[in-house]
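Asks: Be aware that the sequence shown starts at 42, since it is given in our numbering, and climbs by one per residue.
Rather than coming from a laboratory, the hints here were simulated on the basis of the structure.
In this text, all values refer to a predicted model and were calculated from it rather than measured experimentally.
Honestly, I wouldn't trust all of these hints.
Claimed, not checked - Only pairs whose alpha carbons sit at most 30 Å apart, straight line, appear in this in silico DSSO-like list of lysine-lysine:
id : residue 1 : residue 2
1  : Lys100    : Lys89
2  : Lys100    : Lys84
3  : Lys100    : Lys85
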Amino acid sequence: YHNNSGKKGEKYAHAVGRKKANAFGLYDMHGNVWEWCRDYYDKKFYAKAKNVDPENTTKSRYRVVRSGSWNFDHLSCRAAHRGWGTSGFPSGGVRVVVVSGSGVD
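Hey, can you work out the whole structure from these sequences and the hints?
Replies: Printed below as a string of structure tokens:
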């Protein structure tokens, strides 16, 4: 998040793995860059969704982003925090997920 970013240059995101890993051994899960999600953003979607972990597939201009970034405070640095962004979102990124047993090393 902004107090932990190093504040060097115009953008303060740091290279992956520079900070301490979490309890699962995963790096940079919160606060480095917003994670661009597949869901479309609708402020009221979760309140009216009926199933667990629903995905909003109704197209809109914005996508869901999670986990905070270098230009936000510590309160946004958690997976449950949802924001919104467009394709040109300057502090966003993508987390690549590989499923165990998929044959990808």
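Asks: All hints, please: hold or fail.
Replies: Going down the list of hints, with the structure as the test:
Proximity of lysine 100 to lysine 89 is assessed by CA-CA distance (about 17 Å); at most 30 Å being required, the pair is judged to hold. At most 30 Å may separate the alpha-carbon atoms for a hinted pair to count; lysine 100 and lysine 84 meet this at roughly 13 Å. This hinted pair checks out: lysine 100 and lysine 85 have alpha carbons roughly 14 Å apart, not beyond 30 Å.
Figure legend: structure checked against the earlier numbered hints; every hint is met.
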